[in-house]
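Sequence order for the protein chains is A and B.
Here the first sequence is numbered in our numbering, starting from 1 and rising by one per residue.
Here the second sequence is numbered in our numbering, starting from 1001 and rising by one per residue.
Some clues are possibly wrong.
No more than 30 Å apart at the CA atoms, straight line, and that leaves these computed lysine-lysine pairs for DSSO-like [claimed, not checked]:
id : chain 1 : residue 1 : chain 2 : residue 2
1  : A       : 205       : B       : 1033
2  : B       : 1023      : A       : 151
3  : A       : 205       : B       : 1023
4  : B       : 1115      : B       : 1023
If you're looking for bench data, these hints aren't it; they were derived computationally from the structure.
What you are looking at is a predicted structure, and each value in this text was computed from that prediction instead of being measured.
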Amino acid sequence: MSIPQAMTATSAGIDPMLPDLFRIRRVRPETHDTFTFELAPVQSGKRFSFLPGQFNMMYVFGVGEVPVSISGDATSTGLLTHTVRAVGSVTRVMANMKAGEIIGIRGPFGTPWPVQEAEGNDLLIIGGGIGLAPLRPALYYALANRSRFGKVVLLYGTRTPEDILYRKELESLRARFDLDVDVTVDRAGGDWHGNVGVVTRLIPKASFDPGNAFAFICGPEVMMRFTAMALQKREVPLQSIYLTMERNMKCAIGLCGHCQMGPLFVCKDGPVFRYDRIRDIFTTREI
Amino acid sequence: METLEPYLAELPFLRGLSTEHIKLIVGCASNVKFDAGQYIDREGQAANTFYVVRHGRIAIEIFHPTTGPICIQTVGEGDIAGWSWLFPPFVHHFDSRAVELTRAIAFDGECLRRKCDQDHELGYEMYKRFAAIMESRIESTRMQLMDLYR
Chain A
1 MSIPQAMTAT SAGIDPMLPD LFRIRRVRPE THDTFTFELA PVQSGKRFSF LPGQFNMMYV
61 FGVGEVPVSI SGDATSTGLL THTVRAVGSV TRVMANMKAG EIIGIRGPFG TPWPVQEAEG
121 NDLLIIGGGI GLAPLRPALY YALANRSRFG KVVLLYGTRT PEDILYRKEL ESLRARFDLD
181 VDVTVDRAGG DWHGNVGVVT RLIPKASFDP GNAFAFICGP EVMMRFTAMA LQKREVPLQS
241 IYLTMERNMK CAIGLCGHCQ MGPLFVCKDG PVFRYDRIRD IFTTREI
Chain B
1001 METLEPYLAE LPFLRGLSTE HIKLIVGCAS NVKFDAGQYI DREGQAANTF YVVRHGRIAI
1061 EIFHPTTGPI CIQTVGEGDI AGWSWLFPPF VHHFDSRAVE LTRAIAFDGE CLRRKCDQDH
1121 ELGYEMYKRF AAIMESRIES TRMQLMDLYR
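Here chain A stands alone, though its shape is the one from the complex (with noise of 0.2 Å):
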């Protein structure tokens, strides 16, 4: 299954600054802090395409607007499905939106998962937190078109039991045949019965070709420097190291500057990179 065709909405040539209305049809509780929406277009017949790895602009009308990773299917035409951390003025106003409310939606922006590049490869996904959302799509894309890859593995890791995403869907993950899934936390109780310990841990014992492997990275900037850095170890080539940035993004279009790190735009060039092309930026301090 391919994805339709998808731009930027720069690219498409309707205004990047005007927000599209959407009335949330679902909101349903990830975690404790954590949520998922599912949204459908106001004007009837309008579909929203975009590729994995992109991100919105959520516009909570009268109170501001924040850069989210869409973790949906890119591959289906349904509902536009964000999933959200409340940590933020905006975001935990958003935590209280009900069913049927309006929200604005810019986009979509950014540079995607290279998932076609990738194919004929085996497939590393590596998540830490709420990190598993903007790779959620890639995943999608990964076993819509399972047999164009080699071996998927999916790395995750999290902060404590309770604060895995995606709970059942990772459960269910790990029930197939033609995809390994490996999650792990950082603390646990003694019911847990799950790998304790960070996400880097368990890229020695995934079972994955490095010469032919592509690996996707998303998570706080530490962990995807460790993550890296494990990943070399195994000897993947930089190359086919690729992670997304997260920076404050506010116009979306590379022009504010808010999302600037070094001569790179994060809502523009990015959010997603390829490892060593930010390298020397991402070690960079008080960038």
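Since chain A is already given, all that's left is putting chain B on it; use the hints.
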């Protein structure tokens, strides 16, 4: 009689060790099995053994008087559990518990220490391997301390 020698030679932990050294340490090794929930070692007890997990999972825990056991880390197939046998006073600093049915190779620490004392080349090889494990565990622990996902 079949010995553990061929199995030891295949362990990633011992990979690269000479055949002579494998022969030397095989006498310190034995097969063990732990049921799910069974405590393997307790904090404060004498540390005379370390384990290479063949199958299953072991939780390294610390006991908190109000919240009970807190799992710091789990080790699984191919991993090492226990290094207190290497350093005086040879006492466990943590509890370890089998999370699920676990099979492992147990190494008698006293036996191994003696052989390392007699054969310094073996001792160097063993300490090199444990140093690498410690480095990796310390790195992981530091990352855990950062509480990255908060």
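Hint by hint, here is what the structure shows:
1. Only pairs whose Cα atoms come within 30 Å are accepted, and residue 205(A) paired with residue 1033(B) is accepted, the gap being roughly 22 Å.
2. A hinted pair counts as satisfied when its Cα atoms are at most 30 Å apart, and residue 1023(B) with residue 151(A) does not qualify at roughly 38 Å.
3. Using a Cα cut-off of 30 Å, the hinted pair residue 205(A) and residue 1023(B) holds, with the two alpha carbons roughly 27 Å apart.
4. Restraint check for residue 1115(B) and residue 1023(B): satisfied, since their Cα atoms lie roughly 11 Å apart, inside the 30 Å limit.
Hint 2 from the earlier list is the only one contradicted by this structure; the remaining hints agree with it.
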